[in-house]
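A.B. asks: What follows is the residue order along each chain.
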Amino acid sequence: MGGIVTNPRAGKSKPIRPHLTEPRVVRYVLIGIALLFLGLIVILPMAAVIAEAFRKGWDAYVSALSNKDAMSALKLTLLTALIAVPLNTLFGVAAAWAVTKFSFRGKNLLVTLIDLPFAVSPVVSGLIYVLLFGAQGFLGPWLSDHNIHIIFATPGIVLATMFVTFPFVARELIPLMEAQGVQDEEAAVSLGARGWRVFFKVTLPNIKWGLLYGMILCNARAMGEFGAVSVVSGHIRGETNTLPLHIEILYNEYQFSAAFAVASMLMLLAVVTLIVKSILESRMSREEH
Amino acid sequence: MTFLRKKDRVLPGLPITLGFTVLYLSLIVLIPLVALAIKSAELSPAEWWNTVTNPRVVASYKLSLLTAFYAGLVNLVFGLLLAWVLVRYKFPGKRIVDGLIDLPFALPTAVAGIALTTIYAPKGWVGSLLQPLGIKVAYSPLGITIALIFIGIPFVVRTVQPVLQDMETDMEEAAATLGAYRARTFFRIVLPELIPPLLTGFALAFARGIGEYGSVVFISGNMPMKTEIAPLLIITKLEQFQYAQAAAVAVVLLLISFGLLLLINILQRWSNRRLRTAKGG
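Sequence lines, in order, name chains A and B. Just so you know, UniProt numbering puts 241 at position 241 of the first sequence, and the rest follows in order with no gaps. Just so you know, UniProt numbering puts 235 at position 235 of the second sequence, and the rest follows in order with no gaps.
These are calculated hints, taken from the structure and not from any lab test. Careful: at least some of the hints might be erroneous.
Said to hold, decoys possible - Cut-off 25 Å, straight-line C-alpha distance, at most; resulting in silico cross-link-like pairs (PhoX-like, lysine-lysine):
(1) B:K94 x A:K277
(2) A:K277 x B:K226
(3) A:K56 x B:K123
(4) B:K62 x B:K136
(5) B:K136 x B:K226
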């Protein structure tokens with residue numbers, strides 16, 4: 001790299017050589033424009049969430065969060081993430097193992113299909129389950145005969161969330177495990193290790209940060225998903241409202257500070273996610289070097 | 001890699017992991033998507049065609065495509081600028097700025113939606129400044145575009161940034177030595193290298209923008225024919241129990257997305273190949 005290889009983050013701050021950069025004025029202007037853009041588009045909305053959340057004072061803020069409907073929305077959001085994240089993690093690990101440790105026909109197709117949910121509009125992600133399980137859906141009559149509720153109930157919310165967060169863990173693990181190859185695992189097998197032991201003792205330590213990274217992103221999306229969940233939820237207060245849906249209801253009822261109070265909690269989740277993500281990123285790049 | 005193939009089978013777990021992968025993929029993703037196609041096929045070809053060419057539906061497609069396209073263009077310029085500033089320059093707080101780029105990925109879309117609406121509404125922090133100038137942001141296509149700029153910016157920055165980081169500076173050095181002006185060096189040497197990642201980032205942001213719902217639905221105002229995006233129209237049809245029509249509108253939206261996904265894959269392959277040849281193998 002041009003004779004300069006220092007720490008893992010070196011790429012982020014190459015030493016500036018005068019003939020390879022712009023005049024100081026140009027640099028400052030460009031940095032200024034970039035920061036102004038980021039300020040208008042990203043930072044201002046965050047500031048607005050905080051300002052609006054506390055507009056009616058601390059007591060109103062607390063009561064908006066401790067309100068019965070807010071609590072039941074929080075519970076449903078946590079429950080949904082608690083089901084969707086582990087299942088998608090299990091899937092991600094299995095898919096990455098199959099795809100990166102073996103070669104078989106149709107592998108590229110499989111990888112493309114895993115990415116598919118990223119290309120689907122959230123609304124369509126909800127719609128497909130309504131068409132399958134809704135009252136007029138394919139399985140609707142059978143389900144209602146057996147008194148099973150999927151749409152406008154928790155299972156539908158969980159399914160829609162699983163769909164939109166489907167690729168997160170697999171996406172993180174496949175390139176990582178591809179780069180690591182199969183030598184370590186093969187060595188373990190030739191030394192007599194079996195099945196699960198190979199995975200837990202050899203593979204897992206190698207992929208733990210990448211796995212956690214995928215899970216964190218999966219969780220953030222699972223707790224924050226709006227469009228897909230909105231289609232299948234039916235918006236029954238205290239029953240099928242997740243936190244993002246609760247925000248929508250409050251907002252549409254002109255309870256702005258309550259809506260923003262709940263929104264500030266989800267923003268906190270996003271900020272924590274980003275901090276953990278950046279810690280994991282520096283861990284991963286340190287282990288790479 | 002072929003020599004590895006025989007040895008591959010040394011490792012355990014192919015049947016169970018592949019079996020589970022295919023089963024889970026089918027249950028969660030493939031079967032529901034097939035159900036969508038089948039449902040839309042309940043319409044006769046003529047009904048199907050009438051549904052997706054209905055003026056209100058066409059207006060919503062146009063709006064979704066155009067606002068996503070304009071937002072993508074804006075992100076192309078500012079995404080490149082942000083990536084450039086983050087890779088090439090030093091300034092205080094750079095790590096925080098770098099982290100903030102990902103906020104639109106992590107922030108729930110409903111939160112972004114209500115926050116942007118509040119700022120750009122006629123009485124909001126920015127909206128009140130633009131109102132006297134006769135610029136209406138919230139409840140107009142401009143507002144939708146702003147929401148999609150927010151949603152799309154990380155895509156462009158995060159595809160351009162790694163390429164810029166790995167880029168050798170030899171060529172720039174040579175150009176400088178030969179007396180080329182900095183601007184000329186940028187447009188003749190640096191920018192051509194960045195075209196594949198820029199296009200990939202644009203396509204990713206564009207694809208995401210077409211289907212986006214949460215951040216847009218609050219700021220758009222949802223007027224039929226004017227500010228009604230395609231995903232919202234699907235929900236409207238669903239609420240009127242027009243399941244097959246909703247499915248038909250969704251199928252067209254999906255086909256556009258899949259077409260873009262294909263394009264993105266081709267672009268990425270092109271970009272990788274260029275990177276490899278640039279590095280001499």
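A.B. asks: Run every hint past the structure and note whether it holds.
C.D. replies: Structure-based check of each hint:
no. : hint            : in the structure
1   : B:K94 x A:K277  : 16 Å, holds
2   : A:K277 x B:K226 : 40 Å, violated
3   : A:K56 x B:K123  : 18 Å, holds
4   : B:K62 x B:K136  : 20 Å, holds
5   : B:K136 x B:K226 : 14 Å, holds
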